[in-house]
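Residue-level listing of the chains:
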Amino acid sequence: MPIGMKEPLEEAEFLNRARSGEPSAIAQLYERYGDTVYRIGYRLTGSPMDAEDVLQDVFLGLPRALQTYAGRGSLKGWIKRVASRTTLMKLRMRKRKAEVTLDHLPPSPAEGRGSGFSLTDRMEFEHAVDALPEALRTVFVLRDVEGYGHSEIGEMLGIGTGASRVRLHRARRILRKRLEKSR
Amino acid sequence: MITHPSFAELNGYADHELSEPRRARVSTHLAKCSVCRSTVMSLRAITKEAPGILNVDPPVGALERILDRHAKGESVILPMADPPRQVFVPAAVWRAAAVLALLAASTATVFMVQEAGAEFGELHLTPVAASLGGILDVEYNSTSMFADENRLFIRGRYRVPGDEFADGPRGEVITAPLYRYDGSRFEGTVELPDSVVYMVFAIANAAGDAIDSRGGALWEVIKKDENGRPLYSGLVQKQQEWMGRNGALALATARLASTLYPDNPDAWGRVHFIEQIGAAEANSKRLEAQHAARFTQFERDYAGKSLTGEQLAGMYRYSAAW
Numbered sequence: 001m002p003i004g005m006k007e008p009l010e011e012a013e014f015l016n017r018a019r020s021g022e023p024s025a026i027a028q029l030y031e032r033y034g035d036t037v038y039r040i041g042y043r044l045t046g047s048p049m050d051a052e053d054v055l056q057d058v059f060l061g062l063p064r065a066l067q068t069y070a071g072r073g074s075l076k077g078w079i080k081r082v083a084s085r086t087t088l089m090k091l092r093m094r095k096r097k098a099e100v101t102l103d104h105l106p107p108s109p110a111e112g113r114g115s116g117f118s119l120t121d122r123m124e125f126e127h128a129v130d131a132l133p134e135a136l137r138t139v140f141v142l143r144d145v146e147g148y149g150h151s152e153i154g155e156m157l158g159i160g161t162g163a164s165r166v167r168l169h170r171a172r173r174i175l176r177k178r179l180e181k182s183r
Numbered sequence: 001m002i003t004h005p006s007f008a009e010l011n012g013y014a015d016h017e018l019s020e021p022r023r024a025r026v027s028t029h030l031a032k033c034s035v036c037r038s039t040v041m042s043l044r045a046i047t048k049e050a051p052g053i054l055n056v057d058p059p060v061g062a063l064e065r066i067l068d069r070h071a072k073g074e075s076v077i078l079p080m081a082d083p084p085r086q087v088f089v090p091a092a093v094w095r096a097a098a099v100l101a102l103l104a105a106s107t108a109t110v111f112m113v114q115e116a117g118a119e120f121g122e123l124h125l126t127p128v129a130a131s132l133g134g135i136l137d138v139e140y141n142s143t144s145m146f147a148d149e150n151r152l153f154i155r156g157r158y159r160v161p162g163d164e165f166a167d168g169p170r171g172e173v174i175t176a177p178l179y180r181y182d183g184s185r186f187e188g189t190v191e192l193p194d195s196v197v198y199m200v201f202a203i204a205n206a207a208g209d210a211i212d213s214r215g216g217a218l219w220e221v222i223k224k225d226e227n228g229r230p231l232y233s234g235l236v237q238k239q240q241e242w243m244g245r246n247g248a249l250a251l252a253t254a255r256l257a258s259t260l261y262p263d264n265p266d267a268w269g270r271v272h273f274i275e276q277i278g279a280a281e282a283n284s285k286r287l288e289a290q291h292a293a294r295f296t297q298f299e300r301d302y303a304g305k306s307l308t309g310e311q312l313a314g315m316y317r318y319s320a321a322w
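In order, the protein sequence lines correspond to chains A and B. Numbering-wise, the first sequence is residues 1 to 183 according to the numbering used here. Numbering-wise, the second sequence is residues 1 to 322 according to the numbering used here.
Keep in mind the hints are simulated off the structure, nothing from the lab. Incorrect hints may have been included.
[As the list claims (entries may be wrong)] For lysine-lysine, the following DSS-like pairs were computed, each having C-alpha atoms within a straight-line distance of at most 27 Å:
1. K90/A to K72/B
2. K76/A to K90/A
3. K90/A to K80/A
4. K48/B to K32/B
5. K48/B to K177/A
6. K80/A to K48/B
7. K224/B to K32/B
8. K177/A to K32/B
9. K76/A to K48/B
Extracted from the complex, chain A is given alone in its bound form:
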């Protein structure tokens, strides 16, 4: 049966196994949501190492955290929110380096995910996003990449919706100008 289409009873049983920390259930969660969690970590931190730290923390913490999941909303949306919070907490605890070292250059995009943007344009876009000031990058990633609304972003960052909106405008303005300059 395709993932996401299990009977409610099976889903509840699966969650119970995950809550009790069964390795097979953790592995199943990772199969379903590992990519999503890693990408949130990478998009917000710009660092493969930090992104893996987030990945590890989230899946080591999920058995305990799932005790609070009451089934309201999708499990994927809930896990995304947990991953976002975990990454944002990591960002708050460290100062993001201004320089982009070779270690932190974004790896090549995975195959098969092109959209009409050429590979060169996509790399320029990703470099431009990576070069944004952290406060602007965070809002841009949460809004335009991950699809959160401004009120949710405000809650996650502890800012008002107006501030979220203003930061998004700034980020888009900078991106647009940098991408135009590179053409």
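Once you have looked at the hints, place chain B on chain A.
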């Protein structure tokens, strides 16, 4: 003169977040303006492509590392709540606000705060009219004063209709960051409450120990109507801002208001009041005679008519000036 929507408004249009009247207004403009159309198209391209960026896979072996640590009994407590709302004002902001207060108190103090012989930068605010949602795009071309800074702050004091003149600084203080874009240019955005009709700005560094106040004159924005005419309430607040600090500017502002709004007795009452404070005796007799004739004309024009609250208040102000 063509008024373009602000970048923030074009963002709202691209995101389908504008109210219907504003959406229609922007739409009408876009039909005639290729520059703004290009901006909207590029914004939509960014938002369309954004979800597909940075689509990287986890490193090989990550699951094994997780299960290995789990088997050793490792666990992590994840953050399950959002942080509290930030109400943080860095100390530098308060220092800079104190400098703005010094600017309000005494013109002489301005020169103490300024670098000796300081030049000042150029500040551009878009839209200047601040009539399109309260979000201003800020561009600041700095002087050598800020050569070592990558981030500055635009600090402003704003006024809303009804704010009265007082001996001290009035209005709320706002602050917003400006980031270095290239060369000497900094960019940022400042969001104003919709009720703001007048505002003065200065530019400062994060520490608050270097301030560009345009030689003490500050930069200003005054709200305008659709025809580009400053709102009466904006002119009144400008006059209130400079009363006690620059009488000549306050009088010039009041006279401008009476020129732009000649049928408003409140405008003439304000001019009359300031002239009485500053005019030399000989000049004052001529001005008094002119005001007396004008007040009499207002009385004739209003005789037998039902007046609005504003007209009544204006006539009271004009009559109280004697």
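Which earlier hints turn out false for this structure, listed by number in ascending order? none
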